[in-house]
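Visitor: Residue-level listing of the chains:
Protein chains: 2
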Amino acid sequence: MAAAQQIGTPSSGLCSVGLDIGGTKILGALLGPDGEVLATVRLPTVRGAEGIVAGAAQAVREVVAQAGRTLDDVAGVGLGIPGIVDHAAGTVRHAVNLGVDGAELPLADLLSVALGGLPVVVENDLNVAAVGAAHILERSKPDRDRAAGSGVAPSEDLAFVALGTGLAAGLVLEGHLRRGVSGAAGEIGHVPVDPAGPECPCGQRGCLETIASGTALAAAWPARHGKPAPVELFEAAAAGDADAVAVKARFAEAVASAVRLLVLTVDVRHVVLGGGVSHLGEPLLEAVQEALREQAKSSPFLTSLALHERVVLAPQGVPVAAVGAAVLGRRG
Amino acid sequence: MAAAQQIGTPSSGLCSVGLDIGGTKILGALLGPDGEVLATVRLPTVRGAEGIVAGAAQAVREVVAQAGRTLDDVAGVGLGIPGIVDHAAGTVRHAVNLGVDGAELPLADLLSVALGGLPVVVENDLNVAAVGAAHILERSKPDRDRAAGSGVAPSEDLAFVALGTGLAAGLVLEGHLRRGVSGAAGEIGHVPVDPAGPECPCGQRGCLETIASGTALAAAWPARHGKPAPVELFEAAAAGDADAVAVKARFAEAVASAVRLLVLTVDVRHVVLGGGVSHLGEPLLEAVQEALREQAKSSPFLTSLALHERVVLAPQGVPVAAVGAAVLGRRG
Numbered sequence: 004m005a006a007a008q009q010i011g012t013p014s015s016g017l018c019s020v021g022l023d024i025g026g027t028k029i030l031g032a033l034l035g036p037d038g039e040v041l042a043t044v045r046l047p048t049v050r051g052a053e054g055i056v057a058g059a060a061q062a063v064r065e066v067v068a069q070a071g072r073t074l075d076d077v078a079g080v081g082l083g084i085p086g087i088v089d090h091a092a093g094t095v096r097h098a099v100n101l102g103v104d105g106a107e108l109p110l111a112d113l114l115s116v117a118l119g120g121l122p123v124v125v126e127n128d129l130n131v132a133a134v135g136a137a138h139i140l141e142r143s144k145p146d147r148d149r150a151a152g153s154g155v156a157p158s159e160d161l162a163f164v165a166l167g168t169g170l171a172a173g174l175v176l177e178g179h180l181r182r183g184v185s186g187a188a189g190e191i192g193h194v195p196v197d198p199a200g201p202e203c204p205c206g207q208r209g210c211l212e213t214i215a216s217g218t219a220l221a222a223a224w225p226a227r228h229g230k231p232a233p234v235e236l237f238e239a240a241a242a243g244d245a246d247a248v249a250v251k252a253r254f255a256e257a258v259a260s261a262v263r264l265l266v267l268t269v270d271v272r273h274v275v276l277g278g279g280v281s282h283l284g285e286p287l288l289e290a291v292q293e294a295l296r297e298q299a300k301s302s303p304f305l306t307s308l309a310l311h312e313r314v315v316l317a318p319q320g321v322p323v324a325a326v327g328a329a330v331l332g333r334r335g
Numbered sequence: 004m005a006a007a008q009q010i011g012t013p014s015s016g017l018c019s020v021g022l023d024i025g026g027t028k029i030l031g032a033l034l035g036p037d038g039e040v041l042a043t044v045r046l047p048t049v050r051g052a053e054g055i056v057a058g059a060a061q062a063v064r065e066v067v068a069q070a071g072r073t074l075d076d077v078a079g080v081g082l083g084i085p086g087i088v089d090h091a092a093g094t095v096r097h098a099v100n101l102g103v104d105g106a107e108l109p110l111a112d113l114l115s116v117a118l119g120g121l122p123v124v125v126e127n128d129l130n131v132a133a134v135g136a137a138h139i140l141e142r143s144k145p146d147r148d149r150a151a152g153s154g155v156a157p158s159e160d161l162a163f164v165a166l167g168t169g170l171a172a173g174l175v176l177e178g179h180l181r182r183g184v185s186g187a188a189g190e191i192g193h194v195p196v197d198p199a200g201p202e203c204p205c206g207q208r209g210c211l212e213t214i215a216s217g218t219a220l221a222a223a224w225p226a227r228h229g230k231p232a233p234v235e236l237f238e239a240a241a242a243g244d245a246d247a248v249a250v251k252a253r254f255a256e257a258v259a260s261a262v263r264l265l266v267l268t269v270d271v272r273h274v275v276l277g278g279g280v281s282h283l284g285e286p287l288l289e290a291v292q293e294a295l296r297e298q299a300k301s302s303p304f305l306t307s308l309a310l311h312e313r314v315v316l317a318p319q320g321v322p323v324a325a326v327g328a329a330v331l332g333r334r335g
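Chain order of the listed sequences is A and B.
Residue numbers for the first sequence follow the numbering used here, beginning at 4 and rising by one.
Residue numbers for the second sequence follow the numbering used here, beginning at 4 and rising by one.
It is worth saying that the hints were derived from the structure and are not from the lab.
One copy or two, either will do: identical chains are not told apart, so a pair holds if it fits within one copy or between any two.
Here are the simulated SDA-like pairs of lysine to any residue, each with C-alpha atoms no more than 20 Å apart in a straight line:
| hint | residue 1 | residue 2 |
| --- | --- | --- |
| 1 | K144 | V315 |
| 2 | K230 | A242 |
| 3 | K28 | N100 |
| 4 | K300 | G209 |
| 5 | K144 | V184 |
| 6 | K144 | S158 |
| 7 | K300 | P201 |
| 8 | K300 | R208 |
| 9 | K144 | E312 |
Bear in mind that the values here come from a model prediction, so they are computed numbers and not experimental data.
Looking at chain A on its own, in the form it has when it is part of the complex (with noise of 0.2 Å):
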């Protein structure tokens, strides 16, 4: 099982390839043997079962012939895909944002046969996007060969948290996938933080997703001028206007939250900010860093545990979830 594949497994001497499928493009990556990234393609998504398994099987095509290679080159395919996915079964549900309601979708042998047989899994996008923030992060570092050469190398372990429409987790604990026992790992968006707070779609009140999410940034700034509702909010604040310096104040605030719970329940060496918000690059990461620095502050305990050294961007111009969906994708 993919599931408990050490991250930096050996591959065969074969490539591998992974997707990210999401509600407008897909995001493909080929893996060279070595876990290099050889090629990247990006094709629109076409919504329901079909354009999925076409529009997914194209991108596997064009990737593999972007880099001069065939399908006989690739090992396996990985995909990583948003809504409730068996792994174990090569099936996702309720994927509302593919047009993928209701019904399962046998992704994994559909594609696969659409592929002349390649083995192909499927995974939650949360989890193919910390797989690959894990993946880069251990290749980023100048120690990388020694440690994996020793056999007993300190493999990555880090939650990546994807700040978009909600507010969720993945995570890579010493190197293995954690998908928890029914798939809820790292929903930590509704974790209850407030009991006086907002009502959550989800039917509870408070949930850290209400204050810690681009939904929630979005709803408390609007954008007005065509740019991403973080870019206004944070230019805004940046330019001395005290109502964004407020509502910047708060959402790195929250943020903070998130990391703390998760360091205070898994100990993650890294936690990792993805998703959309997430573009917003180093003014994010230092205002999320000051949040931690000031929760610390009255603190000893939490001062201790140094939350603002393990936060990390998500590596950008990579398509990181495609690059985890396809390290999974090889079979070693």
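Following the hints, put chain B in place on chain A, whose structure we already have.
Guide: The following block gives chain B in isolation, referenced to the frame of chain A:
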């Protein structure tokens, strides 16, 4: 490293000893080659470094002798101890309850010398409790042998929640102990859940521990009749005292929040309620399950996670933490 040891790794045919060193007593257990408890022992704790080491050595010798064995039959010893444990170094700091403050105590080395060179590992008290609960749960399964034989054993997956002076958890995920990168995994007592809540000794406000711990319960319902505060509270509530009913409900709801937090973050199969308050037994379990059902009422999402089915009481009448320490003390 014992860290990565799968719970239930076949041992060498030898026994192992586990000790749970607390502020008032040392509990010991001798585990046979197949993981069965062969003998247990209980000694009073003598505070201070010298007393701890001498008491631990005595407990090991006594529990071994009780089963008609010698130290030659023992592969290793595991210790569970409160305080800041450096597992790799075998040291403990700030074990204030044991009169071991300030300087680092090389407990593993000292006890090993006292036992003629037997390997000794030291572990945080919550972690050994989690491992012990996993061991006992695994052995209680009717299909245990079949699962173990298949090579894809659905190993134990749980959080052990100690409701005592504070609130903290130990995590065994897919059969592996999760310590976290700084030993802070499971420190859920210090996740703030109410911005308007009371100040916590940790320096934050509204921490879960300020409502969901034995200390919080005793503050809300001080013992007046010489029994433990939780017992008096539950008796008064059962007798219809309206205040007691309210305090009990609030406590159960807070424990339910801890369960929810753990499942939404790591999605463990079981949440085991342990610690002093768990001696309430079934009435505690029922109150917490009721609170979980109540929390889920408004939320189809929470309902789908069936939280109330995941909660169980820690095994009673078995020194769970000592058993877990013995599991970690094995050198298979």
